[in-house]
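2 protein chains.
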Amino acid sequence: MKLRIKKLGIRTGGILIAVMNKEDAKLMDLRGLDRIKIIKGKIFETVIVDIDEHGDVVKKGEIGVFHDIFDKINLKNHEIVETIPTRRPFSIAFIKKKLDGCKLNQKELAQIVWDIVHNKLDDIELTYFVSSCYTRSMDMDEIVWMTKEMTSHGDILTFKKKPIVDLHCIGGVAGNRTTPIVVPILAAAGYTVPKTASRSITSPSGTADTMETITNVAISAKEMKKIVEKVGACIVWGGALNLAPADDKIIKVEKPLMIDAESQLLASIMAKKLSVSATHLLIDIPAGNGAKLTRINEATNLKEEFEELAKRVHMKIKVMITDGEEPIGNGIGPALEMRDILWVLKNDKRGPSDLKEKSLNMAAEIFDMLGKKDGKQLAKKILESGKAYEKFMEIVEAQGRRHELNIGTFEYNVVAAKTGKLIHLDNRAISKITRIAGSPEDKGAGLYLYKHVGDNVKKGEKIATLYSDNETKLKFAVEAHKSLDGFVVQ
Amino acid sequence: MKLRIKKLGIRTGGILIAVMNKEDAKLMDLRGLDRIKIIKGKIFETVIVDIDEHGDVVKKGEIGVFHDIFDKINLKNHEIVETIPTRRPFSIAFIKKKLDGCKLNQKELAQIVWDIVHNKLDDIELTYFVSSCYTRSMDMDEIVWMTKEMTSHGDILTFKKKPIVDLHCIGGVAGNRTTPIVVPILAAAGYTVPKTASRSITSPSGTADTMETITNVAISAKEMKKIVEKVGACIVWGGALNLAPADDKIIKVEKPLMIDAESQLLASIMAKKLSVSATHLLIDIPAGNGAKLTRINEATNLKEEFEELAKRVHMKIKVMITDGEEPIGNGIGPALEMRDILWVLKNDKRGPSDLKEKSLNMAAEIFDMLGKKDGKQLAKKILESGKAYEKFMEIVEAQGRRHELNIGTFEYNVVAAKTGKLIHLDNRAISKITRIAGSPEDKGAGLYLYKHVGDNVKKGEKIATLYSDNETKLKFAVEAHKSLDGFVVQ
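Protein chains in written order, with the numbering used here: chain A, 33 to 522; chain B, 33 to 522.
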């Protein structure tokens with residue numbers, strides 16, 4: 033059926049949807065979530081049908097098209113296209129199969145991943161998939177296939193110099209800031225470290241946000257390869273690359289219910305590591321109150337699954353279970369975290385010793401895995417000689433050094449309301465306050481802690497300073513602080 | 033935060049969503065699917081936040097509002113409203129609980145049903161609920177609570193004259209057309225029968241569509257009550273009433289994967305029967321190839337569940353398992369089905385005997401349940417004396433008699449391509465053809481069968497006639513017929 037394109041001024045955020053008038057849909061016997069092909073000359077795209085039941089958006093003879101499809105097949109507003117009904121994706125039957133508790137084979141998972149990557153599944157269909165993986169879980173075969181398919185439906189980067197080392201920390205705020213210290217230690221020892229990091233979603237800052245205070249992190253795959261070949265390492269934002277792209281789309285439907293399917297977590301992390309051709313991998317699982325995993329046996333199970341999966345995809349792995357009860361370092365927010373990192377790298381006395389210690393332990397584990405003796409001593413030597421700092425600045429320069437580190441100029445001091453002991457720092461409250469103050473987009477926003485859990489405080493004594501680049505945002509953040517009980521003294 | 037209303041010219045189909053600019057969302061630390069209250073004077077409404085990442089729809093300081101909310105709190109375009117962040121619905125935690133395999137209590141189910149009815153859950157969240165009921169299933173306690181909550185979050189109709197009789201057929205095309213024959217037989221015997229029926233979604237016609245050929249079916253609860261009090265019965269469209277309204281919203285997310293959670297099916301049917309205060313209920317479960325349930329033990333299980341549920345909600349029930357392999361009657365499509373019905377009611381020889389027989393059996397089962405002796409004889413007497421026809425016309429008049437029965441004027445004969453036996457009539461193909469021909473909206477569209485499965489046919493002999501009210505639609509339908517193999521002769 034020939035229809036006239038009507039451009040709709042809204043994005044769907046990826047999913048390919050076209051809106052049809054009720055009468056036209058009837059003539060093709062189409063219902064919502066059926067599929068049609070939109071054909072323009074030799075180009076076509078299969079899209080999901082949404083039906084305008086009221087006819088107030090799309091008139092008979094028109095087809096409403098969102099930005100996402102519009103750009104994809106280069107449509108012009110008001111032009112006539114051909115449309116034909118087509119079958120729903122095969123993956124819908126496979127999702128149903130998984131929902132019914134059956135094991136999927138590699139071909140079926142390949143089809144599902146392809147359809148996810150190419151925006152062929154609606155939110156409802158994708159939610160059923162995530163839900164099925166969560167309630168029915170996947171066995172190790174399925175996890176291996178899922179990992180491989182997520183990897184192959186994206187770019188794969190290769191590097192000349194082996195071994196290729198990577199590291200990853202599973203959730204929790206704590207420990208994220210070790211990466212910019214560990215990576216240059218490893219690179220200074222001559223290893224290839226193509227590190228991709230994420231931006232924060234709910235926490236005050238992600239490793240990519242923190243790195244962005246002093247260098248460019250939104251880097252293409254081609255540039256990333258050039259940088260790593262030149263200086264041996266990088267720390268870039270994974271989101272600007274096309275590595276295992278199914279992952280982001282799956283995370284989008286996991287978020288509303290905070291679903292965290294273990295099979296999905298394993299496949300997603302390992303796919304990203306396979307995408308950079310890592311040969312050796314260190315996984316840090318922080319456990320304890322406030323971390324993602326609170327019980328030690330959960331952490332041990334996950335450790336074993338990682339080890340099995342790594343074996344099946346031929347990657348060397350070491351999994352550390354670390355204490356996840358306490359944040360590491362004093363700065364929270366991009367620039368404040370980077371200041372801590374630079375102090376440690378420059379061997380400045382103000383560098384938090386817990387941050388230094390954990391970074392050295394991580395580097396040591398990797399050296400061990402690589403067969404180096406006295407890994408901790410080696411890591412310490414590289415850090416204290418200034419070679420790690422030198423390598424870090426090489427990485428920063430190669431990615432495109434940005435600007436000086438600026439801490440927010442608007443300040444507010446959080447003081448103790450009474451004398452006693454600081455017994456709790458609430459992660460959620462701290463995230464909320466620093467995010468309203470502007471973190472992580474406003475690099476100078478954040479919180480600097482003078483006191484940690486267990487410290488004694490006197491009434492009126494400073495516990496922390498809240499920073500912002502903007503007076504209004506600071507005002508909103510202080511209001512939020514006053515309504516939350518983030519710093520508990522007893 | 034004060035924001036300016038921007039009316040968006042699209043409907044969401046119910047879900048209450050408002051679109052915010054990225055920067056404003058940041059200032060309130062809001063992410064997609066978070067909730068805010070929109071406050072106008074003393075009225076407020078909690079809505080789901082969608083974030084415009086590109087800023088091309090909603091500018092800073094604006095809030096984009098769809099029709100659904102706009103009308104609900106009587107907003108004016110460009111007016112300023114107050115907005116404050118609020119917690120996500122508690123039901124999200126309960127859905128997660130069910131997804132984790134735990135049993136829900138009545139309060140938790142009540143909250144979920146309330147949020148569904150009031151459009152407080154996004155498609156993704158609702159899909160997780162449906163998925164959890166499907167994969168984790170519900171026990172009889174949960175089904176009873178769900179039934180009661182679905183009933184109480186909707187209108188409940190009461191009638192003076194008891195017993196109140198109702199009947200329901202589970203899916204499959206076959207047998208649906210018995211309702212307009214059984215209802216007047218029961219009403220003629222003096223029973224109250226407040227029958228609600230559905231419109232077709234994928235089949236050529238639903239009972240409501242068929243009734244609509246000669247009478248009004250979109251009737252309010254108030255009118256329905258008046259009609260039933262006057263003539264003892266009605267056959268109206270359930271969709272125009274507010275009975276167990278959660279059901280339609282749940283069905284919407286079941287459709288894409290054709291999920292048919294048994295617990296949901298039970299709760300949905302029984303809630304609608306409780307909503308009309310039924311005291312006696314007949315359930316017809318057609319089983320066999322082509323029906324919803326293909327195996328007899330599935331049908332038996334469902335029968336037992338219905339019996340248990342009815343007992344728990346204090347309703348008398350009788351469940352028949354019938355042969356669902358073959359359609360009943362010759363006409364397919366609203367007017368053609370109504371013609372069969374009227375022939376049976378008028379004791380015209382052209383009335384299909386299978387339709388008459390099944391209707392009498394159903395009426396007999398209900399008479400038995402009500403303690404009447406020789407139910408079948410009684411039903412036959414009422415039908416053959418013309419009293420059922422008389423009562424049927426009373427119902428038709430009371431609902432608002434519409435127009436004469438018109439069969440489509442454009443015809444196409446389906447003839448046998450070769451001599452042999454008709455071995456298969458494909459339900460899906462027949463639905464597609466009749467729907468493209470205009471069914472069920474165009475009342476005259478449909479198919480009339482001269483031959484049934486097992487009949488011998490000669491090359492060129494008529495198997496069926498395809499009817500349409502519109503030449504173009506007939507053309508499209510004939511094209512579809514030629515591409516499908518709906519009538520198999522061997």
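Worth flagging that the hints you see were computed from the coordinates, not collected in a lab. Mixed in with the good hints there might be a few duds.
Since the list can't tell identical chains apart, any single copy or any two copies may satisfy a pair.
What the hints assert, rightly or not - No more than 25 Å apart at the CA atoms, straight line, and that leaves these computed lysine to any residue pairs for SDA-like:
| # | residue 1 | residue 2 |
| --- | --- | --- |
| 1 | Lys72 | Phe508 |
| 2 | Lys38 | Phe102 |
| 3 | Lys507 | Ile71 |
| 4 | Lys405 | Gly418 |
| 5 | Lys335 | Asn106 |
| 6 | Lys39 | Ile49 |
| 7 | Lys287 | Ile455 |
| 8 | Lys258 | Asp66 |
| 9 | Lys262 | Lys490 |
| 10 | Lys258 | Glu85 |
| 11 | Lys258 | Asn502 |
| 12 | Lys284 | His86 |
| 13 | Lys419 | Ala142 |
| 14 | Lys54 | Phe508 |
| 15 | Lys491 | Ile328 |
| 16 | Lys38 | Ser309 |
| 17 | Lys464 | Asp84 |
| 18 | Lys69 | Lys483 |
| 19 | Lys139 | Glu330 |
| 20 | Lys494 | Val51 |
| 21 | Lys104 | Lys348 |
Consistency of the hints with the structure:
no.: 1; hint: Lys72 x Phe508; in the structure: between (51 Å within a copy, 22 Å between copies)
no.: 2; hint: Lys38 x Phe102; in the structure: both (10 Å within a copy, 24 Å between copies)
no.: 3; hint: Lys507 x Ile71; in the structure: between (53 Å within a copy, 22 Å between copies)
no.: 4; hint: Lys405 x Gly418; in the structure: within (21 Å within a copy, 101 Å between copies)
no.: 5; hint: Lys335 x Asn106; in the structure: neither (47 Å within a copy, 55 Å between copies)
no.: 6; hint: Lys39 x Ile49; in the structure: both (12 Å within a copy, 21 Å between copies)
no.: 7; hint: Lys287 x Ile455; in the structure: neither (30 Å within a copy, 51 Å between copies)
no.: 8; hint: Lys258 x Asp66; in the structure: neither (44 Å within a copy, 41 Å between copies)
no.: 9; hint: Lys262 x Lys490; in the structure: neither (52 Å within a copy, 81 Å between copies)
no.: 10; hint: Lys258 x Glu85; in the structure: neither (53 Å within a copy, 31 Å between copies)
no.: 11; hint: Lys258 x Asn502; in the structure: neither (37 Å within a copy, 66 Å between copies)
no.: 12; hint: Lys284 x His86; in the structure: between (30 Å within a copy, 17 Å between copies)
no.: 13; hint: Lys419 x Ala142; in the structure: neither (44 Å within a copy, 63 Å between copies)
no.: 14; hint: Lys54 x Phe508; in the structure: between (47 Å within a copy, 16 Å between copies)
no.: 15; hint: Lys491 x Ile328; in the structure: neither (37 Å within a copy, 76 Å between copies)
no.: 16; hint: Lys38 x Ser309; in the structure: neither (44 Å within a copy, 48 Å between copies)
no.: 17; hint: Lys464 x Asp84; in the structure: between (39 Å within a copy, 21 Å between copies)
no.: 18; hint: Lys69 x Lys483; in the structure: neither (61 Å within a copy, 37 Å between copies)
no.: 19; hint: Lys139 x Glu330; in the structure: neither (31 Å within a copy, 31 Å between copies)
no.: 20; hint: Lys494 x Val51; in the structure: neither (58 Å within a copy, 40 Å between copies)
no.: 21; hint: Lys104 x Lys348; in the structure: neither (40 Å within a copy, 59 Å between copies)
The earlier numbered hints that this structure contradicts are 5, 7, 8, 9, 10, 11, 13, 15, 16, 18, 19, 20 and 21.
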